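Asks: Okay, here's what each chain looks like letter by letter:
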Amino acid sequence: MSVPLDAAAPAATADRRPVLELRGVSTHYGLVSVLRDVDMEIFPGEMVCLLGGNASGKTTTLRTILGYVQPSEGQVLLDGEVISGLPTVEIVRRGVSMVPENRRLFGSMTVRENLLLGAYLRTDRAAVEADLERVLETFPRVRERLGQKAGTLSGGEQQMVAMGRALMADPKVLLMDEPSMGLAPVLVEQVFEIIRSIRALGRTIFIVEQNANMALSIADRGYVIQTGQVVLADTAENLLRNPLMREAYLGEL
Amino acid sequence: MLGAVGGFAHGPHAEEGEPRSAAVTTTRVLAVRLRWYERVPWRRVVLVVLGVAIVAVVVVGTMKTLGLPEAQRYTGQNWINFVARGISQGAILAMIAIGYSLVYGILKMINFAHGEVFMAGAFSSLFFADAYARSGFLDRHPVAATLICVAVAVAASVLTAILLERLAYRPLRSAPRLVPLIAAVGASLFLQNAFRGFFGPQPRGYPRPQVLGGQLSILGVPFQRMQVLVFVVAALSIVALTFLVTRTKTGRSMRAVAEDREIASLMGIDVDRTIVVTFAIGGVFAGIAGVLYAMTFEQVQFTMGFRPGIAAFTAAVLGGIGSISGAALGGLLIGLLLNVGPALFLTGFGIPSPFSLRDAFVFLVLVLVLVFRPGGLLGTGEPEKV
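Protein sequence lines, in the order shown, are assigned to chains Y and P. Heads up: the first sequence runs through residues 18 to 270, numbered per this note's numbering. Heads up: the second sequence runs through residues 676 to 1061, numbered per this note's numbering.
Quick caveat, the hints were computed from the structure, so don't treat them as lab data. Please read all numbers here as calculations on a predicted model, not as lab measurements. Where hints are given, some of them may not hold.
[Unchecked claim] Lysine to any residue pairs mimicking SDA-like chemistry, simulated, CA-CA at most 20 Å apart:
| # | chain 1 | residue 1 | chain 2 | residue 2 |
| --- | --- | --- | --- | --- |
| 1 | P | K783 | P | R845 |
| 2 | P | K924 | Y | Q165 |
| 3 | P | K924 | Y | L103 |
| 4 | P | K924 | Y | A147 |
| 5 | P | K924 | Y | E146 |
| 6 | Y | K166 | P | T921 |
| 7 | Y | K166 | P | T923 |
| 8 | Y | K166 | P | R845 |
| 9 | P | K924 | Y | L138 |
| 10 | P | K924 | Y | T140 |
| 11 | Y | K189 | Y | E98 |
| 12 | P | K924 | Y | A144 |
| 13 | P | K924 | Y | K189 |
| 14 | Y | K166 | P | N753 |
| 15 | P | K924 | Y | R34 |
| 16 | Y | K189 | Y | E264 |
| 17 | P | K783 | P | K739 |
| 18 | P | K739 | P | N753 |
| 19 | Y | K166 | P | E934 |
| 20 | P | K924 | Y | E98 |
| 21 | Y | K189 | Y | G124 |
| 22 | P | K924 | Y | R139 |
| 23 | Y | K166 | P | L904 |
| 24 | P | K924 | Y | R129 |
| 25 | Y | K166 | P | D935 |
| 26 | Y | K189 | Y | A72 |
| 27 | P | K924 | Y | D187 |
[Said to hold, decoys possible] Cβ-Cβ distance ranges computed for the label pairs, FRET-style:
| # | chain 1 | residue 1 | chain 2 | residue 2 | range |
| --- | --- | --- | --- | --- | --- |
| 28 | Y | E150 | P | K783 | 50 to 58 Å |
| 29 | P | A728 | Y | L163 | 48 to 56 Å |
| 30 | Y | A143 | P | A910 | 34 to 42 Å |
| 31 | Y | K166 | P | L1032 | 26 to 34 Å |
| 32 | Y | Q243 | P | F865 | 37 to 45 Å |
[Unchecked claim] One-sided and incomplete, this derived list gives chain P residues near chain Y with beta-carbon spacing under 8 Å:
| # | residue |
| --- | --- |
| 33 | S928 |
| 34 | E934 |
| 35 | L941 |
The beta carbon of each residue, even a glycine, is placed where N, CA and C say it ideally should be.
Okay, chain Y solo, but in the shape it has when bound:
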């Protein structure tokens, strides 16, 4: 299967520099190779999704971007600068933040404290306050819960706080790890509604999802990864129409 990688980037953004770029990245856990020669580009304002089955390397891709795992070959670039090899804290400081799988809020801390922790590295107080206000405008229900312990919130509300916490870092690119994982269908709908409202803010989003249909319905482009290799890269529309995709990931025979 030959992959037209260059054709993947939409024409309108083709001449712009990607915010986040993976250049020939390979990752190993010990001797086991997890990612093999992965190339990806995410352009400003885009929403790109990464699809793939279990153990295909989706989560490892995110962990590599964040520096939890070091690539054995290749580079990760943010705004044209190499970030692979830097410690996680430094990568976060430079503008990558993530909504982790299962939300992982600080349950014993208040919603406000959770949101402020998202802005931990920022020193511009006024701008942080303004961003807090913007997050609360995006998620009005969170405002009513500000003083409450995050652990007492419903699943949907927690997802909003998790997204808000990541937004509070004012990141250049926002990573999302399986936001619909383990949620009831009604909640999945709700989560994608939340993601849509974050898109509306003009954020650059890189999302890992198992729910390919949902993800492709709101993303601009998608990569499909299989046993650590990118096997498909195309616009979301084309991927939804691609017969291979329909068979393998969209649950149709």
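Add chain P to chain Y, keeping to what the hints say.
Replies: The following block gives chain P in isolation, referenced to the frame of chain Y:
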């Protein structure tokens, strides 16, 4: 319990077999009645009996003590002294307990060398206190001299705590939980013997400024000045710590690391630095407590960290380990128990030297808390294995 397991073992047979034998099996299951001694929840019975026995001893002992004839009875002033001593000692224990509690909260590990962090601070400040006493500086400028001693003790304790973390615990952070615990015991023995080797095994006199020697009358009741100072210092520093943990960014990062280390680093929090800060805060409290303790008892020794360390650890567990208010409450309760308990509960039984049993009290409380309420008085979390 055994009976229930037996019942389950028969269950599948009853469902799989043909109807007739199923009926037979079912009858047999019903026939396996538990004997009376199998039905009694022995563990609970033992615990209840134990609890009732302790309450009975305490109540009877208290009544007997208070009912002693006039000549053998403690006076009102005696009791006030016991309580005052208990509160001031409890305040010191609370400050040490905070070190156990903070470190446990963030690493889920008991720093068994924390008693030696306390000892290292007190012992190091001795050399300054000693010199100041001989030169007369201690009594000419008692405030300045004491503050310098506290600063030296804090510096020594913080240094010890940070070195412990860096050399003994950080390399073992991904090891099984028992390993750093053993390292802590080893570090404790190492520190004790290092101080013994360098400064000798005998107790050394620790000078106290004369202004702290006398008594102070509050509402007509005389208290030891030293005890009042201890209480005030402990209360102020615990209030300051509570503010730090609940209201500042540093406190927020400490709580975040305690709750979820990986996500804390995702927020941009430097986890290693936060852990070092936590050990350092424990060291600050141990250092201040060290000087207060040394000035109260007017001596230091290389073993001085052991008993207060155990008592403070018990206080932390009693209050609910991981909680600052728990450490404060636990410290006060243990302090009172140590100083009032033996007199109040045991004198009535005619025990010749009740205060020799005070350490037995501490361990009894430790065992009872672990048995009846492992989460501690203020703790809500599930019991954690140590």
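Asks: Now tell me, hint by hint, if it's right for this structure.
Replies: Each hint, compared with the structure:
This hinted pair checks out: K783 (chain P) and R845 (chain P) have alpha carbons roughly 13 Å apart, not beyond 20 Å. Taken as a hint, the K924 (chain P) and Q165 (chain Y) pair is honoured in the structure, with Cα atoms around 19 Å apart against an allowance of 20 Å. Using a Cα cut-off of 20 Å, the hinted pair K924 (chain P) and L103 (chain Y) is violated, with the two alpha carbons roughly 24 Å apart. With a C-alpha separation of about 18 Å, the suggested pair K924 (chain P) and A147 (chain Y) falls inside the 20 Å cut-off, and the hint holds.
Among the hinted pairs, K924 (chain P) with E146 (chain Y) is consistent with the structure: their alpha-carbon atoms are about 15 Å apart, no more than 20 Å. At roughly 14 Å between alpha-carbon atoms, K166 (chain Y) and T921 (chain P) fall within 20 Å of each other, so this suggested pair holds. About 17 Å separates the Cα atoms of K166 (chain Y) and T923 (chain P), which keeps this hinted pair within 20 Å; it holds. The hinted pair formed by K166 (chain Y) and R845 (chain P) fails the criterion: a straight-line CA distance of about 31 Å is larger than 20 Å.
With a C-alpha separation of about 10 Å, the suggested pair K924 (chain P) and L138 (chain Y) falls inside the 20 Å cut-off, and the hint holds. The hinted pair formed by K924 (chain P) and T140 (chain Y) meets the criterion: a straight-line CA distance of about 11 Å does not exceed 20 Å. Only pairs whose Cα atoms come within 20 Å are accepted, and K189 (chain Y) paired with E98 (chain Y) is accepted, the gap being roughly 13 Å. Restraint check for K924 (chain P) and A144 (chain Y): the C-alpha separation of about 17 Å stays at or below 20 Å, so the hint holds.
Taken as a hint, the K924 (chain P) and K189 (chain Y) pair is broken in the structure, with Cα atoms around 24 Å apart against an allowance of 20 Å. With a C-alpha separation of about 47 Å, the suggested pair K166 (chain Y) and N753 (chain P) falls outside the 20 Å cut-off, and the hint is violated. Restraint check: the Cα-Cα separation between K924 (chain P) and R34 (chain Y) comes to about 36 Å, which exceeds 20 Å; the hinted pair is violated. A threshold of 20 Å between alpha carbons decides the hint, and for K189 (chain Y) with E264 (chain Y) the separation of about 34 Å lies outside it, so the pair is violated.
Taking the CA atoms of K783 (chain P) and K739 (chain P), the gap is about 43 Å. The hint is violated against a cut of 20 Å. For the hint pairing K739 (chain P) with N753 (chain P), the CA-to-CA distance comes to about 17 Å; that is within 20 Å, so the pair holds. Between K166 (chain Y) and E934 (chain P) the CA atoms are separated by roughly 13 Å; this keeps the pair inside 20 Å, and the hint holds. Only pairs whose Cα atoms come within 20 Å are accepted, and K924 (chain P) paired with E98 (chain Y) is rejected, the gap being roughly 30 Å.
For the proposed pair K189 (chain Y) and G124 (chain Y), the alpha carbon gap of about 27 Å is over 20 Å, so the pair is violated. As the CA atoms of K924 (chain P) and R139 (chain Y) are separated by approximately 11 Å, the hinted pair is consistent with the 20 Å bound. Under the criterion of a C-alpha separation no larger than 20 Å, the hint pairing K166 (chain Y) with L904 (chain P) is inconsistent with the structure, at around 38 Å. A threshold of 20 Å between alpha carbons decides the hint, and for K924 (chain P) with R129 (chain Y) the separation of about 13 Å falls inside it, so the pair holds.
Taking the CA atoms of K166 (chain Y) and D935 (chain P), the gap is about 15 Å. The hint holds against a cut of 20 Å. At roughly 28 Å between alpha-carbon atoms, K189 (chain Y) and A72 (chain Y) are farther apart than 20 Å, so this suggested pair is violated. Simply put, K924 (chain P) and D187 (chain Y) have alpha-carbon atoms about 18 Å apart, close enough for the 20 Å limit, and the pair holds. Separation of E150 (chain Y) from K783 (chain P) is about 37 Å and departs from the stated range, judged on CB atoms against 50 to 58 Å.
At roughly 50 Å, the beta-carbon separation of A728 (chain P) and L163 (chain Y) lies within the given 48 to 56 Å, and the hint holds. Checked against the hint of 34 to 42 Å, the C-beta distance between A143 (chain Y) and A910 (chain P) comes to roughly 37 Å, which is consistent with it. For the pair K166 (chain Y) and L1032 (chain P), the beta carbons lie near 43 Å from each other, so the given range of 26 to 34 Å is not met. Range check, Q243 (chain Y) to F865 (chain P): Cβ separation about 54 Å, and the 37 to 45 Å hint is violated.
At its closest, the beta carbon of S928 (chain P) sits 7 Å from a beta carbon of chain Y; the interface hint therefore holds under the 8 Å criterion. Among the interface hints, the one on E934 (chain P) holds; its C-beta lies about 5 Å from the nearest C-beta in chain Y, closer than the 8 Å criterion. Of the supplied interface hints, the one on L941 (chain P) holds, with its beta-carbon coming within about 6 Å of a beta-carbon of chain Y, less than 8 Å.
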